[in-house]
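Asks: Protein chains in written order, with the numbering used here: chain A, 457 to 1003; chain B, 127 to 484; chain C, 4 to 268.
By construction, these hints were calculated from the structure, which means they are not laboratory data.
Here the structure is a predicted model, which is why all the values come from computation and not from measurement.
Any given hint could be a false lead.
Unchecked claim - Derived coverage of chain C by chain A (criterion: at least 3 residues anywhere in the stretch with Cβ under 8 Å from a Cβ of chain A; other residues may be distant):
1) 73-80
2) 85-94
3) 165-177
4) 196-205
5) 221-232
Where a beta carbon is used, it is the ideal one built from N, C-alpha and C, also for glycine.
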Amino acid sequence: MSVTQTKPQKNSFLAGTANYVDERVGASGILKEFGRKIFPDHWSFMLGEVAMYSFFVLLISGTFLTFFFDPSMTMVKYEGVYAPLKEAIMSKAYDSSLYITFEVRGGLLMRQVHHWSALLFVAAAGLHMLRVFFTGAFRKPRELNWVVGFVLFILAMAGGFTGYSLPDDLLSGNGLRIIDGMIKGVPFIGTGISSLLFGGEFPGHVVIGRLYSLHIMLIPALILVFLALHLFMLIIHKHTHFSGPGRKDTNIVGYPLMPVYVAKAGGFFFIVFGAIMVISTFFTINPIWNYGGYDPSPVSAGTQPDWYIGWLDGALRLAPTGMEFMIGDYTVSMNILLPLTISLVFLALVAIYPFIENWVTGDKREHHMLDRPRNAPTRTAIGAAGVMFYAVLWAGASTDLIATHFKMNLNQVLVSMQISLIVLPIVAFIVTKRVCLALQRKDKEVAIHGRESGRIVRLPHGEYIEVHEPLDAYELYKLVDFKDYQPTLARPNANGKITVGARVRSALSRFYFQDRITPATKTEIEQARHHAQEIESQVLKAIENDK
Amino acid sequence: MSDNSNEVEVKKDLEKASGSYSEHEYELGLRGVVNEDAVADPGLEPHRVRMTDKSEKHEKAAVRQVALLFTLSMLGSAFALWAYFNFPLSEDLSSVRLNTLYLGVGMTLGLMGIGIGAVHWAKTLMPDNEVSEERHLVRGSDEKRAAAIEILAAANQESGFTRRKLIRRTLYGSLALFPFPGIILLADLGPNPGDSLRHTYWKKGTRLAKDPTGIEIKASDVTLGSVFQVIPAGLNPSQHDYLEEKAKAAVLLVRVDPSELNEAEDRKSWSYQGIVAYSKICTHVGCPVALYEQQTHHLLCPCHQSTFDLVNGCKVIFGPAARPLPQLPITVDSEGYLVAQSDFLEPVGPSFWDRSVK
Amino acid sequence: MKQLRRKVNGLRRSPRALGIVMIAALLAVGTGYSTVSAAVAPNREVVRTQEQIDLGKKIFLANCASCHGKNAEGTQNGPSLIGVGEASVDFQVSTGRMPGAASGPQLEVKPVQFTEEDIAAMAAFIGSLGTGPSIPDEAYLQANGDPSAGGELFRINCAMCHNAAGAGGALTQGKYAPGLMDSSAKTIYEAMVTGPQNMPVFSDANITPEQKNDIITYLTFVQENASVGGEELGSLGPVSEGLVAWFGLLGLLIIIAVWLAAKSN
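Just chain A, same shape as in the assembly:
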């Protein structure tokens, strides 16, 4: 193509446009720089794209909704078409949400598209984070990008929650009431903050408008800024790739941006949008007409937040009875503060994990090759424990549904969740670590002795053996290409003292790398092959003797 030409070719509209653009924005330079950038291909690398694309879908569908939505808490009488709410007194926010649902063509579809893509946005971002975690993609030089991604995840939850509250229906209103109750439980400032948020007493007349400002301006703007930062760093670092033949920390293997990746990633946007559209066509989400407008007196059984807030709600549910206590005349609501603290500590640990691991390994090299999760057993086990902890909290938010749907006792479900919250992460850690080490051992076994062929032969002295077939060079390399870490000793510093920091670091290092499987070495493999050849020749000899 002729973007770099100074003169357009005759009769070529494309070339003419290209020339026009280049002379004004220097597009040729950009294209030269990025047009053939290499992107590696793996399904798990698409998860971040799913998140980004669902955010774009959110922007598109959300803009449509703003044309009709009125974030006002002024009370009006419903005069729309939905019979079970006729003449009910409700806020304009709820009234206009019903209007979008029942009286704007495609309005319900767009509402469902918006809500489904919100759920998908946070889910895909979360799964993307797990992928990055379990493959070690957060290591140097990508620690800061991990933090940016973490901020995006928090912003996604914030965007979701502010949006969830906007229709001012009974379900989301009770959600806001819970938030109000949590805020009030914060010592010293709780009641003041609650009053600022709601403009006085709950529910007040302003909170929907304020959440709307945050939901359509501040939060999406911040998401866009951090998304730009995230992608900017992605370009600087280039994408990671899985270890394997020909893949090194010093190169990147994949397909060029133009044309393959443009077609795949561009096409994938339409696929994500299409998947959201199909689910929005056939599945109801947030049927606000069932809930009625917000009223502080009623409540519905099965009152739950959207899934991404579920773990926080679960944390509230799992607090044991009677944790509130008094200091003099002052009330300390530990039943709120403890779950809040635990959640914040959990989030903080997620945010700083790359720095912790980096400190423990002391590894200052750049890492562009991804670990197979089994090759970093302790990290994978820590991740599994974290996932389990989150999952129990998440399940904790649906104790009532678990009880009714599996015919169990609600109280027993809750108590078993409380126990699970402590026990299951530990179990997950131990089991995952052992499974990783077992898989590594299996890999090593296969690398050294080859694959079981299923061919049983009898040796001259009567022993039966199964012949193993050696792997080809590429398969073999996939099994042995990982970095081996050794636990470190606490060493004295320049003053000859062993600091507490050094001791902790050495203890952590042992925790991480005490149990480890080293990759199969050349010597081991050669010895095994030599041994196999000997057997093979014995076998051949035996066969000849038989003849």
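Got chain A sorted already, so can you dock chains B and C onto it with the hints?
Replies: Frame of chain A, contents of chains B and C only:
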């Protein structure tokens, strides 16, 4: 492997892998072990030729498939346009369903056709040779760094940032203070809560009324085993602070067999012939605790499963809540209507820091 | 008798007369709460023949007396049925909850064990033992009330246990409030007036028969109109939505991503 030999190997590896690093960045023993005896990298796997590369027939088929998918997309979009006009909305709810369904189906086809077509095109017809490209260290080269430091030094020199301490420190001071006026502006987002959380709409003599009709309740209406959702009489939806008052004043009214009722000495006069009124607002985080089990006399909060024992002063028997639900002292007036003896004697709803401070 | 009933019904519909009746009822309260539970006036003319009562007693003795006692006075295994009314019998037996199976946290809906005539006979027998809610008047089961008023009453009085969309919900210690999407108007009405098991009673003084009809109208509307948004996912709200987002939507996209990243042959 001794640590010493390790160290040498690590340095070698690092030089190989990532250019120059200075020695002090590495502490003894703290790094990945580099194995001299590692299996050699065989290089990229050979390219596997696709059917579409080998056979013209397959290539043509793929071209047709991609074009078909794009055509399907066009048809889908056209269908959505058609559906927009042909499935208008009416009073009938099924029209909303049909409008959503057919618009959605058309738009799904319109989107999926493009998406799957483009990916299929890339997979079957665009080159699928994997390419390897060099990476460079993220950090700048030593020359670049030197140049950057020079720029910073020049800027510092020219501005006198380090030299002119007075300017620098006053700048820090001004930067530290300037956001505060902006933050204080937010103080007007809401009033000081004052003692609003300690009072509700209930006062001496306020009749108990049914939610939402506002019909006043007589003691005789409250039969054994029944439960009434109650608001104070006179609180009506046209009033500006209706929801705020209702959010504090909502009450649950139940009649139980007086012999089952364990009342504290000082609260014996708060009930009327087994009729008790409790705040419906959970003392945990404020959900309405409205699930009343007639036989066990337990109240359950559907949000976080706090359970209160109604016949024992609504004390918490399960769940995260800590305090009993506040009781509204009630009696009957001369006409037989249930009335409040006073407001609640403690703040209702979720705990807050200074709730017990008088 | 019939005329008197009509007259009482007429009185009960006029507010002033209602007041008089209530004051009368209040006086009754003074004599003890036990009379109060009896103050729930039957909803309509009670037609029960002696034949029915005799048949009902026979069926009762054969099937129910072992738990509820020979004279329905109650035993350790079952409560007294004196004064529970015909509606109670009809509700419990015609939903299959009674005869009860092995003891669980609460009675389950099971296939119905008796014919309509047998149920009517048993109801007549129990009804003859004391004053209690009778079989509801057809006039209040027509679902021809105000669905909007009914919706509001439902949300305030029922949704906390039965869920805003009537999907049901959990109670303590293994008990639960059943879903209402398959319940008939009669069952719903009878449940309100009798307060089966742990459900509270919603007497006519609390929710009038007209309001009960409104609630039935609302529920019928929800039962008859499928969700405009498509498949309802059990009307369970955000939990089922979250599961579909993860395992349906994200799962589908992962399958597509695997196809996208796989090499073509």
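Asks: Run every hint past the structure and note whether it holds.
Replies: Cross-check of the supplied hints:
{"no.": "1", "hint": "73-80", "verdict": "violated (count 0)"}
{"no.": "2", "hint": "85-94", "verdict": "violated (count 0)"}
{"no.": "3", "hint": "165-177", "verdict": "holds (count 12)"}
{"no.": "4", "hint": "196-205", "verdict": "violated (count 0)"}
{"no.": "5", "hint": "221-232", "verdict": "holds (count 6)"}
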